[in-house]
Every structure is written in structure tokens, then in C-alpha cells.
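S.K.: Line order of the protein sequences matches chains H, C and X.
Quick note on my numbering: the first sequence kicks off at 5 and runs consecutively.
Quick note on my numbering: the second sequence kicks off at 899 and runs consecutively.
Quick note on my numbering: the third sequence kicks off at 2 and runs consecutively.
Please note that the accuracy of each hint is not assured.
List time: in silico EDC-like cross-link candidates among lysine to aspartate or glutamate, alpha-carbon distance up to 20 Å [stated by the list, open to error]:
| hint | chain 1 | residue 1 | chain 2 | residue 2 |
| --- | --- | --- | --- | --- |
| 1 | C | K1035 | H | D352 |
| 2 | H | K265 | C | D1072 |
| 3 | H | K206 | X | D95 |
| 4 | H | K364 | H | E380 |
| 5 | C | K985 | X | D95 |
| 6 | H | K240 | C | E1032 |
| 7 | H | K264 | C | E1032 |
Everything labelled a hint here was simulated from the structure, so no lab data went into it.
Here are the chains, one letter per residue:
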Amino acid sequence: MKKKGLLLTIMVLLTLALLAAGCGGEKDSKDTAASGSGGGDTIKIGFLGATTGDQADFGSKTLAGMKMAAEDLNKEGGVLGKKIEIVEEDHGSKLSEGVNVVQKLINRDKVVAIVGDPTTGITKAVAPIAESSHVVLLSAGAVGANVVNTEDGKLREYVYRNTLLDAVAAPAVVKYLAEELGWKKVAIVTTKDLDYSVGLTKIFKKALADNGIEVVTEETIMDKDRNFAATVTAIKPHQPDGIVFTGYYTAGGLFMKEVKKQGLDINMVGGDGLLGSTLWEMGGEAVNGSMVYCGFEADPSMAQGKTKDFIERYSEANNGEMPNMFVAQGYDAVMMLADAIKAANSDDPVKFKEEIKKLKNWQGVSGTITIRENHEPLKSPVYLLEVVEGENGQQFKVKAAIPVEG
Amino acid sequence: MFEQQIINGLTLGAVYALIALGYTMVYGIIQLINFAHGEIYMIGAFVGVMMVTILGQGFFVSIIAAMMVCMILGVLLERVAYRPLRKSTRLAALISAIGASIFLQNAMMLWKGPQPVGFPQVINDAIYHIGSVEVTKVQLIILATSAVLMAILNYIVKYVKIGKAMRAASQDYDTASLMGININRVISFTFAIGSALAAAGGVLVGIYFNTVEPLMGVMAGLKAFCAAVLGGIGSIPGAVLGGIFLGVAETIGIAAGFSTYKDAIAFSLLIIVLLFKPTGLLGKPIQRKV
Amino acid sequence: MSAFLESILDPYYIQVLTLLGVYIIAALGLNLITGVTGMFSFGHAAYFAVGAYGAAILTVKYQFPFYGALLAGGIMAALAAVIIGFPALRLTGDYLGIVTLGFGEIIRVVFLNLDITGGALGLAGIAKESSIVLVYTLVLVTIYVMYALQNSRFGRALVAIREDDIAAEAMGINISAYKIKAFAIGCFFAGVAGALYAHLLLFLNPTDFGFAKSFEFLCFVVLGGLGSIPGVILGTSVLTLAPEFLRSLSDYRMLIYGALMVLMMIFRPNGLLGGVDLQRLVFKNKYKSQAGRSTAAGG
């Protein structure tokens, strides 16, 4: 028994030594970080997202948009005379590391706001931390329920998002499909492992039923699937008028390629998860005619002002690649925060969060945003875009602008 | 429609089989689950894309180049990450393999970015009708290329000296080395061949799915490993049989409406087979000396 | 105690260290299965997930008290282990490994498709219950139980099975019964750790419990030193804290992490503390004669 007791003591000591080593090692970097913000010449905004792992594509795009916004702001002398600094941290697409990252950003880097995560899941997981630490969390991608409010419906004071609210946009688009395009029966394809897609499918199904469009078959895929031969072969005998695809652009483009390859002459419609030039990089000619709805005119020929300038500059810096919704929302998130900080004349989250609540008809590159009383964003009008063959290859063209109201 | 799904499944299965061969050969000789094999397949696919987009080469040159690059990479991988651990426990070698796999994935992600890259069209696709079944040209090319590569492998293993040495080493490692077989050479050669086949699989998949990405090797590698175990690990015909079996089963599963359970289908099949035939379909029973 | 720790450590350290504690409990469970008994298990994350989801569903949807749910999470994981173990444990070596990996993936896919788990939408609204004090208290309990087990008749039987199962059977050990028991106990701790994890992160998502996490647990155990309790704790600490320490390398972080794993295995193939007998190091004098004898025999 004595032996065991001693062993236990050793174990405890060993663990404690490790903990001490851990804390000691990290204290140094903490000091330098603190002195950075203590100087008061920068405003730190944290990036929460993945640059490695499964969700790296979404995270790195959001980050690209954020960096572009910070550059633009700093070129004009920053905000309140201070430079905007983006503190990037990668959570490797892991939930547990996402929580670590938020704690680090808040407690060590002393950020005033965090932009992220592109997925609803991690945003939901970290929202209570931001709320209790009084740091603004602005998600540039979370679309699911219970993000800006708790599970029991209580509004969060520090958590916002700037995404397009599908619950409002999708029904408007479905109405258009039924009335203008005369669709009567559709196939729904859900990406089962994406919270975005599962949520959007629910909204679409209700809207389709309300507008008298029949769902002839429901198929499910996974976001990392690249082979859709079997799924498309299963859809084929149902002969739908179109496909409602609720997933992201990579799978969407490849899915359409397979659809056309198997000789089905129908188009797909989907949410802003499909928005991006990746859609035709993957799908080629097969995505011509595919429709995507989003909150801004992602059509280089029609876009004006800010949006046009944003699209052009991003394409120039990225070999002609069009900014997708993650880039646009990442850009807008930083800009929204900057405007709120300016309006409050303070970079104290307690003060400038009040200004975020007041944003009305705020002109961003991803649309005109109004934060409603329930803290949810509203983007109106919703643009239905179509992929067409343009002068410089494929591009989106505005097919319809549908006004929506919450 | 059923026949159509069989064709889809066969094509997928042929690719699983190409990757599974690398697992099975390596396992046959050094009893190592080479978890970085999926990454070799991924790198092969990327080399293929680069040959087409940067150097403007056609299908044939691209696939050969990818195979050559991965051969070297495979041999290098074995030298660096596995050879120093040959006398260690199998779990140690396994962890080293997982480490190598994480390293290669992230190296590619740093270089090419995390987003998927489209595979340019190198083959003008066409559809042929055989009875009620439609076969695309790409599917035919995948089936034909896989068949040719497997025939070459079969020839090497059966009739070429180094191939015979491989078989000897896989039967009895120690005796083979006592008989004057240079085990290190045999192992290097095994990695080279296995990696070349995986690279070919990578390029074929890139063409078939129109896309390559840094994490494509993870699930494909795992499934191919399943195929190898299913067929009887260490057995070359077993890997081919396992790959095709898995490809067809998975496709039929999706067609029957179980697409979200797709990843579970491969493993369920594997478990069922192993419970009844603990060494796989064509595996030899394990003989234990007491 | 909690308040005291919170006053000296900032929430970031508390978060990282609490998570480390949770992983230590799960890794010690796996150590009993793989390190002590020698059964390959490549699907430990699945039992972790069963515990996490089981406990979280109980507290969120059925208003179960937390401590009850914690225990229930462990029991559910152990039950899952028994159900899976009965057919699977007839296999040995890599075959057992691959079958456990398969079961792990199947459990993840099932969680993705069930309604009660929320599927891809995840399970939210879990209350924060796992404090650093509670987690480390349970770590100590786990360490104590593991030592007690390893030094009991039961533990010695498990080691005998690892070293030579045929000889062990000949000595009258009912190997399948022992294997199932060891598997269930190991998974029980994974389940308890999972329940703590759920009440620490407050949100669960099936993609978080894939085979990558299973391999992570396996790495904790192998890298620390199979069968060595201090080794497992060290291995878990190194591998859990490394990604946090490597943050300054930003994009190169995971690249270095992978390379580190290969290098550590090459230089310490038996794990960081594999082959190091702490007991012997500390009680040098007492064991001197025995130690001398065993080296002589070994040489």
C-alpha cells in the first residue's frame, strides 16, 4: 500500500511539473502579446476557423476576405487611428481545438472581436464563451438555428452573424421556380454531413410543399464524395424538372457533371453554398444554367460600387478566381466590426456591440444587411444568379432580384 | 439500372484494387499497415494534374510520370520512416506511418492549398451503349489500365527474379534472407511497385471524379485497406477480388438508398467476412506454433 | 479550489489542461486494452463518442443529474464494448485492430444518421459541468484504479495473455472472459471521459469522433510507452499540448506535428517511457538485487 501511495505522489508531481512547464513556457509569449495591445495602436480581431483539416477550404477563404478588409482599412489610416490586426489561429477542423483557440484569442491575444467560425457547429460551441467574456463573436458562415440566441430562446448580446438567412430567402426562390420557371417536380440532394445542407433541405422541403412542387426523390451524399455515378443513376428514372442541391460548390459542380454525363438535361438550384468559381472549375460546361441565390450581385457585369470593386480586386490578386461567399462574408465581417467601432468611437466590445445591433441597410460586398430586433441579419433583395458563358469564360449572371422581408 | 450500377461499381472497385495491392504486398512482407499509402495515391493524382496543366502532357505520359515520382517517394518513405523501426513493435511502425501520413497531407496542403483542384479533361469522353447499359470511355480506360497493370504485376511476381524473391520473403522473411535474398532490396522494390500502382489509381480517380485534393487519400486509403483485408491480406488476387467486391457492394448500397451509410457499408462487409473467415476471402489460415 | 485555480490560471490554460485530463482518462482506458492486454483497438473514439452522446442526451433531453449521466456514459460505452467484443475478440492482432476501426466508423456513421443525436446539426445546449478539479480528481481515481488492476490477479492474467495467450490458457486463464472484461473496463473509462468531454465542450458533432481521434488516442498510448501508466500520461500530455505549443508555427504546425511523431518513434520505438521502470528508478536500493538479476538474464 505504501508503495502505491508513493507512486501516486510521483504521478501527481509529474503531472504538476508538466502543467507548470506548460504555463511557464507560454507566459513569455503572453507578455509580448499583451504589450502589443497595451500600446493601444492596434485593434485586434481574431480569426476562428480551420486552415488545415477537412474544413480548411472554408476557413482559409474566410481568412483571405478578412485580410483583404484589414488591408483596405489600414490603407485609409485604420479605425479610430489604430491599425486593424488580424490574429489568425487554426483549429485544424477540430471542435476541441476550436474552443481552445477562442480561449486563447480572448485571454492571451486580448482581441476585441472574433470572426468565425464558418460552420454552425463550432460557432455554437464557442458562443457561450464569447458571451461570458464580453467579446464580440461575428460568424461569417453559421446559418443554423440557435446561434445568436441560446437554446431556450434568450438573445445573446455578443454573438452576431452576417450570413444570408435561408429561412427567408429559400421560400422566395422556390416561389420563383414554381411561378416563373414552371417547375413541378424536383429531386432534392442533401449533403448529410453538413449542418448547412441538412438545415437548408428542411427549409426547401417546406417551401416546395407550400408552392405545390412535388419532391420525386430525395438523395443524400457526403461533402467529401467525389463519385456521384450511383446517386445520379438513381435519380434518372424519376425525370425531375430540376435538382435542388443544398450542399457546397465542389460537390455541386461534380454532381452536375455527372448529371449531364448521364444524359439528364436538367439544372440545379441551390443556396449561396454553391457560390464560387469552384462550381465551374469542377463542373465545366455542365453547370451552365445552374442557379444559385445569394445576397449580392455576384455578376461582374452588373455589380456596382463596392461589390464590383471587391470582385475585381480579389480576382486580380487570385489568378482570376471569383470570390466565393466565404471570402465576401469574411470581408464584410471585418468591415461591419470596423463601422461599429467607428460609430461607437470605442474599441470596447461592451460599447460597440450596441452599434452592431443598430446596423440598418448596411452596404457590404455580400449584400445589404440589416440586423433585426431578434439579432438575425436580413439581406434584401435576394439575387438569383445563373451560370452563363460570358466573355471571359463562365460567370454568374443575375436572373432575378427578389425582394424579401423578415 | 442494376446492370448500370454494376458497371459503376466495377470501375470504382478497379481503383480500390489498385490501391489495395500496395497495402497487401507491403503487409505480406513486413506485416506493416502502411497508413501513408493513401497519401502516395493522393500525391500521384497531383503529379498527374501538374503534368497535364503545367507541362501540357496527355494521359499516357502523365500516368507514367506520376508512377515514377511515387515510386521514388515510396522508397524514400520506407527508408526514412519504416526501416529504422523494422525491429521494433508493430504499433511503433504503425504510429510512424500515421505520422508520415499527417506530414504528407499537410505538406501538400501547404503547397497547393486545401481546396480541391479540377482535373483537366485529358480524355474526350464518349458514351457507348452495350445493350441497356451505358459505358463511358473513361470507365473503359480505367478498367483497361487497371487490367494491364495487374497483368504486369502478376508477370513480375510470378516470373521475374525479384518477384520470386518477393514471394519468398513474404512466405518466410528469415529463411529468405538466409537463402541470400537481399531483403532490403526486396522491400524497397515492393514499396516502389505498390506506390506506382497507387499513383496510377490516383491519376485514374482524378480523371474519373474530375478532381484531386490533399485529403483525398484518407478515406480512399482506408477503404482500399479494407479491400485488402477483405480479400485476405498478403494475397495479391485477394486484393483485386476485395477491391472489386467492395466497389460493387458500395455502389449497390448507394443505389438502394443507403448513401449516407456508404462508409459503413465497406466496414460492415469487412466485419461480416472476417467473423466467418478470419483471414479474409482468399487468405491462408494463420498457423500458430506453440 | 476551482476558484483558486481560476484566479491563478487564465481560462485558456484551464480549457487546455481540462481537456488534457479528459484525454488522459480515455488514454488510460485504451492502455488497459492495448498496453496491458495486447489487444489492438483502433476504434477507441467510438466508445468515447458513446459516452459523450449517451451522457449528453441524458442530461439535455431527460434532465438527468450530471453525476448519474457521467456513470451512465461509462456504462453505455462498456455495454457497447461487450456487444462488439463478443464477436470481434475472437480475432487477434491487426485483424482485431481493423475490425475495431470498422466498428468505430460504423458508430460514427450511425450517430450522423440518428435523430436523437441531431445528426450533422449536432447536439447543443449541454450544461458546463466538467470543472478542472472534477476532471483531475477523476484522473487520480483512474490512475489509482489502473494501478490496482494491474497489480491484481486480474492484471497479471491480462499481462500473461499479452505475452502468450496460448500459454496463459494452458495455465487455466479463461482468455475470452478476461479479454472481454478488460475491453469493457477500458471502454468504460473512455465513456466516462466522453461524458466529461461533452460537458466541457458543450456541443457534440459526429465528425469529431472519426478514426482520426481513435488514432490520436492510440498515439498517446504508444508514444508514451505501452503498458506504462506514467508513460501514457506523458504521451498524452506531449501530444495534446504540442499543437498548442506549435501555434507560433501557424501553417507549418501540423506538418511539424507529423514529422515529430515519426522522429519520436524512430528514437524511442518503445515510447517515451517504454522500458523505463519508474518504480525501479525511485526505489533503486530496494530493488537493486532484483534489477541486477533481470539485466543479467536479459543480457
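S.K.: All the hints need checking, so say for each whether the structure fits it.
M.R.: To see whether the hints hold, each was checked on the structure:
1. For the proposed pair K1035/C and D352/H, the alpha carbon gap of about 63 Å is over 20 Å, so the pair is violated.
2. The hinted pair formed by K265/H and D1072/C fails the criterion: a straight-line CA distance of about 53 Å is larger than 20 Å.
3. With a CA separation close to 43 Å, the supplied pair K206/H and D95/X exceeds the 20 Å bound.
4. About 12 Å separates the Cα atoms of K364/H and E380/H, which keeps this hinted pair within 20 Å; it holds.
5. With a CA separation close to 17 Å, the supplied pair K985/C and D95/X stays within the 20 Å bound.
6. For the hint linking K240/H to E1032/C, the alpha-carbon distance of about 13 Å falls within 20 Å, and the restraint holds.
7. The straight-line distance between the Cα atoms of K264/H and E1032/C is roughly 13 Å, inside the 20 Å bound, and the hint therefore holds.
The structure is inconsistent with the numbered hints 1, 2, 3, although it conforms to all the rest.
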